[in-house]
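> Sequences listed follow chains F and P, in order.
If you use this note's numbering, the first sequence closes out at 307, no skipped numbers anywhere.
If you use this note's numbering, the second sequence closes out at 352, no skipped numbers anywhere.
Accuracy of the hints is not assured; some may be wrong.
What the hints assert, rightly or not - In silico EDC-like pairs for lysine to aspartate or glutamate, Cα to Cα no more than 20 Å straight-line:
hint : chain 1 : residue 1 : chain 2 : residue 2
1    : F       : Lys89     : F       : Glu190
2    : F       : Lys118    : P       : Glu33
3    : F       : Lys120    : P       : Asp310
4    : F       : Lys91     : P       : Glu8
5    : F       : Lys118    : P       : Asp310
6    : P       : Lys337    : P       : Glu33
7    : P       : Lys337    : F       : Asp93
8    : F       : Lys91     : F       : Asp35
9    : F       : Lys120    : P       : Asp303
10   : F       : Lys118    : F       : Glu277
11   : F       : Lys118    : P       : Asp303
12   : F       : Lys120    : F       : Asp229
13   : P       : Lys337    : P       : Glu347
14   : F       : Lys91     : F       : Glu190
15   : F       : Lys89     : F       : Glu141
Claimed, not checked - Here are the simulated distance ranges between beta carbons:
hint : chain 1 : residue 1 : chain 2 : residue 2 : range
16   : P       : Phe201    : F       : Lys91     : 31 to 39 Å
17   : F       : Ser12     : P       : His259    : 34 to 42 Å
18   : F       : Lys89     : P       : Gly134    : 23 to 31 Å
19   : F       : Gly121    : P       : Phe46     : 40 to 48 Å
20   : F       : Lys89     : P       : Phe201    : 36 to 44 Å
21   : P       : Tyr207    : F       : Lys89     : 45 to 53 Å
22   : F       : Gly121    : P       : His335    : 40 to 48 Å
To be verified - Anything over 12 Å on all C-beta distances counts as not near chain P; from chain F, calculated:
hint : residue
23   : Thr173
24   : Arg198
25   : Phe278
These are computed hints drawn from the structure, not numbers from a lab.
The model shown is predicted, which means the values in this text are computed figures rather than measured ones.
Yeah, the Cβ is synthetic: ideal placement off N, Cα and C, and Gly gets one too.
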Amino acid sequence: MQNLISVILSASFGYAVLRVTTPILFAALGAVVSDRAGVINIGLEGMMLTSAFTGVVVSALTGSAWLGLMAGVLAATGLALIMGYFSLKLKADIILAGIALNLLASGGTVFLLYVVAKDKGISSSLASKVMPQWQLPLIKELPVLGRILSNHNVITYIALVSALAVYYFLYRTPLGLRVRAVGENPHAAESVGVSVHRLQFIALAISGALAGFGGAHLSMGYVSWFSRDMTAGRGFIGLAAAALGGRTPFGALVASLFFGFADALSNYLQSLRIPSEFVQMIPYLATVVGLAIHARGRAKRRDGRVA
Amino acid sequence: MRRQVLFEVARTFLAITLALLLGFIITCLVSSEPVYAFRTFILGPFTSVLRFSSFIETVIPLIFTGLAVSMVFQASQFNIGAEGQFFLGGVAATMVGVALNLPPVIHALVALAGGAVAGGLGGYIPGVLKARWGTSELVSSLMLNYVFFRLGIYVINYHFRDPVAGAMVSHPLRQTSWLQQFLPPTRLHWGVLVAAMAVLFSFLFLYRTRWGYALRMTGLNRSFAGYSGINTASVIIYAQVVGGALAGLGGASELLGIHRRFLWQTMPGYGFDGIIIAILARNNPLLVPVAALFLGYLRTGADIMARMTDITSEMVMVIQAIMILLITAQAFLGHIKHRMVVREAKEHAKLN
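Input sequences plus hints: build the corresponding full structure.
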């Protein structure tokens, strides 16, 4: 136990938490934006995977990690727009469309990986690039905090900035206000001349782009290769973090850190030969319990008003 | 009405054809022998007895999760939880199969029942949370998949793990608990019979009992069903429980009939397959085996193609994704349907 506490309090553990939180945070922010517009983005998982793959291939072809990142984000955004086209224009159930896109991404990336790298599991034969790590001036000099916060992959810093950006977008811009209005009550928004579909398309595109950054972090930062289904459910975890965080950017940030903390802790527990399954279970259970309490409160308020 | 059913059938076939056509185009783009590859994909499952039987084996678990998802979809509830319930069913069957010592047949039946109970409990949680407080069953069933997965892995790895085996697998199940394979050298097992009974049960339950009636009415319009005196909260709970039990039964059947020891270290994916099947079968239990056969056929064909040619089996996932998108897109051929409904309404008006 003593051992465990000293691990949790160490700077390297804090660093690891931020590192594993990065892709989850992007997914969670993507889920917040689309949820707020009233469209559930189940396809986050597939969008991340597509970006992770595209990033590796494009960075290997061009020799530039930044071009790879851009291509990954664009590919994920494109996938989000396809999902929008099928669900908003062609009236497919958005959840089923999302499941289809996840399937498309999971199969499509392995299929293409075999075409470009002649391997069905991993892209190690491609000379792909990774995004650089950044030393933060001043902050890196701080005693413990410096070691936690500095020297991360650029994409980790983009993630933290994105949380601020999503907050600013949703609460401080006219477009964000309209997005929230559409999610709150599409009919009311429509009646005052807001185009519901257009805004939902925009929200999905932003959601897809955020997922794209998260996917690129996995294959061009977290590790330096693409492997099949490497997102391993992080898109779904992002949905959970958004739900747990009350569908707000900062709530999602805190919830993502919580998921990241449990993830990092379970990695350490495994090395200490303690069953890590229960630790890994906690964030998911917490999400279910949190949702239930939230829904219970809402139900009580509603009943109270009727009575 | 009849014409609309025919239209839906035609629409489904067109979607399948388009998806396969796209698959063929992709094959042509990347393969050095596209025609041979695609022929292997389409005809492969029929080229030998073993291939054909492996095709039928693939179908058995798909039927269970297809039924599980259809049952819950009929109540207009979402179900992403079949995945975890299937897994949990396999864990429970392993526990019964390894730990208990019972006579043959009875042991297998108890193991199947254990799987069904475990799956049913897995469905109860999202059901009760939704019925009581309106918690989104979509998110809760999705989260519970991960909880059940970790729980199952913990139970197997820490209490039932076979230390002699080289991999992370459980002790072998006792022979008494096996669902016998009745047609060697194929691996066809009595799970086929269990699956057939599950189809029959689901059909009778949905269309010949008052519970099934209440379930379908709740699915069509929950408020209306509520005003008509149906306790829709309890309907939502038992729809999820019955669905979960069917999925759990599937997990048990797969372990007792094919693997005979627990070996899943990742979620096997049958729950998401169940969603595809429910969509293809329009949530009708009698059509679930047809849809499962179709999906199993595509899977087996793809596996054979991957072994014989330069195309990987994952192409079939792309085909499936296009199929789902086209079938669920209501506006796909929607204008034709619209015209048909209008014409029918006009004819009806003339008759009266």
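> Now tell me if each hint is right for this structure.
Hints, one by one, checked against the model:
Of the supplied pair hints, the one linking Lys89(F) and Glu190(F) holds, its CA atoms being roughly 16 Å apart against a limit of 20 Å. Between Lys118(F) and Glu33(P) the CA atoms are separated by roughly 16 Å; this keeps the pair inside 20 Å, and the hint holds. A distance of roughly 12 Å separates the Cα atoms of Lys120(F) and Asp310(P); the hinted pair therefore holds under the 20 Å criterion. For the suggested pair Lys91(F) and Glu8(P), the alpha carbons sit about 16 Å apart, so the restraint of at most 20 Å is met.
For the suggested pair Lys118(F) and Asp310(P), the alpha carbons sit about 10 Å apart, so the restraint of at most 20 Å is met. Of the supplied pair hints, the one linking Lys337(P) and Glu33(P) is violated, its CA atoms being roughly 40 Å apart against a limit of 20 Å. For the given pair, Lys337(P) sits about 18 Å from Asp93(F) by alpha-carbon distance, which is consistent with the 20 Å threshold. The suggested pairing of Lys91(F) with Asp35(F) holds, with an alpha-carbon distance near 18 Å, which does not exceed 20 Å.
For the given pair, Lys120(F) sits about 13 Å from Asp303(P) by alpha-carbon distance, which is consistent with the 20 Å threshold. Between Lys118(F) and Glu277(F) the alpha-carbon distance is near 35 Å, which puts this suggested pair outside the 20 Å criterion. The hinted pair formed by Lys118(F) and Asp303(P) meets the criterion: a straight-line CA distance of about 17 Å does not exceed 20 Å. Simply put, Lys120(F) and Asp229(F) have alpha-carbon atoms about 11 Å apart, close enough for the 20 Å limit, and the pair holds.
For the hint linking Lys337(P) to Glu347(P), the alpha-carbon distance of about 15 Å falls within 20 Å, and the restraint holds. At roughly 18 Å between alpha-carbon atoms, Lys91(F) and Glu190(F) fall within 20 Å of each other, so this suggested pair holds. Taken as a hint, the Lys89(F) and Glu141(F) pair is broken in the structure, with Cα atoms around 53 Å apart against an allowance of 20 Å. In this structure the supplied range 31 to 39 Å holds for Phe201(P) paired with Lys91(F), their Cβ-Cβ distance being about 33 Å.
In this structure the hint that Ser12(F) and His259(P) lie 34 to 42 Å apart at CB holds, the actual value being about 40 Å. Distance hint for Lys89(F) and Gly134(P): a CB-CB separation of about 30 Å, consistent with the stated range 23 to 31 Å. Hint check: Gly121(F) to Phe46(P), Cβ distance near 30 Å, so the stated range 40 to 48 Å is violated. About 40 Å separates the C-beta atoms of Lys89(F) and Phe201(P), a value consistent with the hinted range of 36 to 44 Å.
Between Tyr207(P) and Lys89(F) the beta carbons are some 35 Å apart, a value that contradicts the proposed interval 45 to 53 Å. At roughly 45 Å, the beta-carbon separation of Gly121(F) and His335(P) lies within the given 40 to 48 Å, and the hint holds. Against chain P, the non-interface label of Thr173(F) holds: every CB pair exceeds 12 Å, the least being about 28 Å. The non-interface label for Arg198(F) is consistent with chain P: the shortest C-beta to C-beta separation is roughly 17 Å, beyond 12 Å.
A cut-off of 12 Å between C-beta atoms contradicts the statement that Phe278(F) is not in contact with chain P; the least separation is 7 Å.
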